[in-house]
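As they're listed, the protein sequences go chains A and B. The numbers in the working numbering rise by one with no breaks, and the one at position 241 of the first sequence is 241. The numbers in the working numbering rise by one with no breaks, and the one at position 64 of the second sequence is 384.
None of these hints come from the bench; they were simulated from the model. Any given hint might turn out to be false.
Here are some, though not all, of the chain B residues that point toward chain A, as calculated from beta-carbon distances under 8 Å [unchecked claim]:
(1) Glu445
(2) Ala447
(3) Lys448
(4) Met453
(5) Leu480
(6) Met481
(7) Lys482
(8) Arg483
(9) Gly504
(10) Asp508
The list that follows gives simulated cross-link-like pairs (lysine to any residue, SDA-like), each with its CA atoms no further than 20 Å apart [to be verified]:
(11) Lys154/A - Gly101/A
(12) Lys389/B - Ser295/A
(13) Lys389/B - Ile293/A
(14) Lys389/B - Ser298/A
(15) Lys502/B - Glu282/A
(16) Lys416/B - Gly361/B
(17) Lys61/A - Thr112/A
(18) Lys261/A - Gln281/A
(19) Lys291/A - Ile374/B
(20) Lys291/A - Pro390/B
(21) Lys389/B - Glu370/B
(22) Lys291/A - His373/B
(23) Lys261/A - Asp292/A
(24) Lys502/B - Gln281/A
(25) Lys61/A - Pro486/B
(26) Lys61/A - Lys502/B
(27) Lys389/B - Ser307/A
(28) Lys337/B - Ile429/B
Cβ-Cβ distance ranges computed for the label pairs, FRET-style [said to hold, decoys possible]:
(29) Pro29/A - Glu385/B: 20 to 30 Å
(30) Thr35/A - Glu385/B: 26 to 36 Å
(31) Ala58/A - Gln363/B: 51 to 61 Å
(32) Lys389/B - Ser8/A: 43 to 53 Å
(33) Phe410/B - Gln283/A: 41 to 51 Å
(34) Leu270/A - Phe401/B: 35 to 45 Å
(35) Lys389/B - Glu235/A: 17 to 27 Å
(36) Ile459/B - Pro29/A: 50 to 60 Å
(37) Asn520/B - Glu235/A: 49 to 59 Å
(38) Asp256/A - Lys533/B: 49 to 59 Å
(39) Arg372/B - Ser193/A: 25 to 35 Å
Glycine included, C-beta positions come from ideal geometry on N, C-alpha and C.
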Amino acid sequence: MGITTTLSAARIEQLIREDEINYRNRSFPLETVLTVFRYGGAVAADILRFDKLERGMAHAKALIREHEDSGRAFSGGLVITANELTGGRGRFNRFWHAPAGGLWLTVVLVNTLMPASSALYSLAPGVAACETILEDIPAARLKWINDVHVAGRKICGILVETMRGAVSGEEYILLGIGVNVNNEKFPRELSESAVSYKQLLAGECDVNLIAARFLAKLAWNIGLLHYEENRILAEHGPGVLSDPARLSEVFTDSADHLLVKRWRELSDTLGRRVRFGHNVQEQPRFEARVKDINSDASLVLELDDGSIVTENSGEIVYLD
Amino acid sequence: MHQEDNIDFDEIISKYKADPYDYVDIHSIHTGRIRFQVEVGSQVEGVSGEWRHIPGTTLYILNRERNPKPVHSPTNGEISFIRDDLEGQFVEAAEKIITIKHPLTKREIIDGILREVLYPFVAPERAKYFFSMDIQSRIDRYGQREVFVKPGDELFTMSLMKRETPIYYEGEPGIIHSNYFKPGESVDQGQPLVGICPKNTLPLIQRIITRVKAEWE
Chain A
1 MGITTTLSAA
11 RIEQLIREDE
21 INYRNRSFPL
31 ETVLTVFRYG
41 GAVAADILRF
51 DKLERGMAHA
61 KALIREHEDS
71 GRAFSGGLVI
81 TANELTGGRG
91 RFNRFWHAPA
101 GGLWLTVVLV
111 NTLMPASSAL
121 YSLAPGVAAC
131 ETILEDIPAA
141 RLKWINDVHV
151 AGRKICGILV
161 ETMRGAVSGE
171 EYILLGIGVN
181 VNNEKFPREL
191 SESAVSYKQL
201 LAGECDVNLI
211 AARFLAKLAW
221 NIGLLHYEEN
231 RILAEHGPGV
241 LSDPARLSEV
251 FTDSADHLLV
261 KRWRELSDTL
271 GRRVRFGHNV
281 QEQPRFEARV
291 KDINSDASLV
301 LELDDGSIVT
311 ENSGEIVYLD
Chain B
321 MHQEDNIDFD
331 EIISKYKADP
341 YDYVDIHSIH
351 TGRIRFQVEV
361 GSQVEGVSGE
371 WRHIPGTTLY
381 ILNRERNPKP
391 VHSPTNGEIS
401 FIRDDLEGQF
411 VEAAEKIITI
421 KHPLTKREII
431 DGILREVLYP
441 FVAPERAKYF
451 FSMDIQSRID
461 RYGQREVFVK
471 PGDELFTMSL
481 MKRETPIYYE
491 GEPGIIHSNY
501 FKPGESVDQG
511 QPLVGICPKN
521 TLPLIQRIIT
531 RVKAEWE
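Generate the whole structure from the sequences, applying the supplied hints.
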């Protein structure tokens, strides 16, 4: 099967209307579902498509700078997609293999959340990607924080960066999402650790349909961040806003944050023995067992001597 | 006027010699009912371990909504003040409840004096910080004190939940003299990350260090 679906805002709206609302309505009242989708409504408000780009993130930053320099506001929700990235880069400037056949997206959002909520931005694209991949590949799982793997082989990687507008002072959240779809040839160093839809399903998939499903689910998961922020503030009263320490406590103690709860359901990280490091490939720090995931999504690790370390950023490699 | 003329080193050094302690105030982290675990005169330890994974001495337990939370000492020293009149009572957030008298090391005394002449660049949020790739490569190549930064330079990458945020330097141009953070460890909001030294102040800094070391031998 070749590329058959046109990726457009209208197609994503149609998916939300015809599929997503019904799917979410199995777990939440319709009124809640519609509210969450309204909060996430900015996602994919505009879509730019390219055959080839050097880097989606770099292109998004250049567009933001261009808008800022000309005194125009840059509205959130823009999606940049390319069939191929020629200079894809991940964390620590690692080479990001992004040939034709894969799904390579950059999503730009304007950060309108409070710090306690915006710390969870990184979870939303991971949850959305895992939910999307699960529709075709039931073995897909989330690895902390937002990698999606199938039996230990990575099928989706996510990069999240922040950029501050030089003129407006707005904080922009840039989500870089890469999914191996119809690409099946990987560099030798990735051949054992990466996998694609095509390899797992023994056939080509509609990349644009997967992109549209992902963006529909991203709208839900970004909407959840806003919905939960409002819910928690409503439960604890507006006074909590004037007390940053209390506000942080309220979010940390909110064990039932819907996005974190969903992340837990999709992840197989809990209980695993892992190697941890900020840059775990080049500078691993220690090995431990994952004891818990806190409600702020930080990782609780138990070292061999029984002591506990809590990490709110970094990478893990599964050891068992 | 030269900066050195503005600083009375004899007075600063006498002050440190007369009272070589830092007095660390501990405030309640949130509202709740408090149970102290130390008393005036108690010796306490700070966080330790290779990964800073061993918590310090438990100072108090704060109980809110049947959720008891132990709070540990951030540093070593002796309890010099405690609001024991609040034992078992309800406390507000951010109330001063304990003071720890922390004995300063020579290194901390030098850092303390240098902070009066260095420009501190502080952490904007509680997160992990790393020098930006450009700054790190210059440090690796030339050494930290040969790296000059000016306003607008991308100095750090702030990492929180695998979200990377570039942090741009604002302040006096100068070299990176003192480094107060370790890559991979969380830094609290407002804590200094580096101390920047204008190039013409470097000889003064070196004289301070030499003098403090000599005075404390």
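> Taking the beta carbons of Lys389/B and Glu235/A, is their distance inside 17 to 27 Å?
Replying inline: Holds, since Lys389/B and Glu235/A (Cβ atoms, about 20 Å apart) stay within the stated range.
Does the CB of Leu480/B sit less than 8 Å away from some CB of chain A?
Cβ of Leu480/B sits 5 Å from chain A, so the hint holds.
| message | Does Ser298/A sit within 20 Å of Lys389/B, going by the straight-line distance between their CA atoms? | response | Given pair Lys389/B, Ser298/A holds - Cα atoms ~17 Å apart, limit 20 Å.
Starting from the range 26 to 36 Å, see whether the pair Thr35/A and Glu385/B falls in it by beta-carbon distance. With a Cβ separation near 28 Å, Thr35/A and Glu385/B satisfy 26 to 36 Å, so the hint holds.
Quiz item: Holds or violated: Lys389/B with Ser307/A, Cα cutoff 20 Å?
Solution: holds (17 Å)
Inset, instruction - Verify the proposed pairing of Lys502/B with Glu282/A, using a straight-line Cα cut of 20 Å. - result: It holds: about 17 Å lies between the C-alpha atoms, which stays within 20 Å.
Quick one, are Lys291/A and His373/B close enough, alpha carbons at most 20 Å?
holds (14 Å)
Inset, instruction - Go ahead and decide if the range 20 to 30 Å is satisfied by the Cβ distance of Pro29/A to Glu385/B. - result: Given range 20 to 30 Å: holds, Cβ gap about 27 Å.
Do the alpha carbons of Lys154/A and Gly101/A lie within 20 Å of each other, as the hint requires? holds (16 Å)
* Status of the hint placing Glu445/B at chain A (closest C-beta pair under 8 Å) -> holds (7 Å)
Task: Straight-line alpha-carbon gap Lys61/A to Lys502/B, limit 20 Å - done: Answer violated: Lys61/A to Lys502/B is near 29 Å, above 20 Å.
Practice item. Note whether the CB distance of Asn520/B and Glu235/A lies within 49 to 59 Å or breaks it. Key: The hinted range 49 to 59 Å holds for Asn520/B and Glu235/A, with Cβ atoms some 56 Å apart.
In summary, the numbered hints that this structure violates are 10, 18, 21 and 26.
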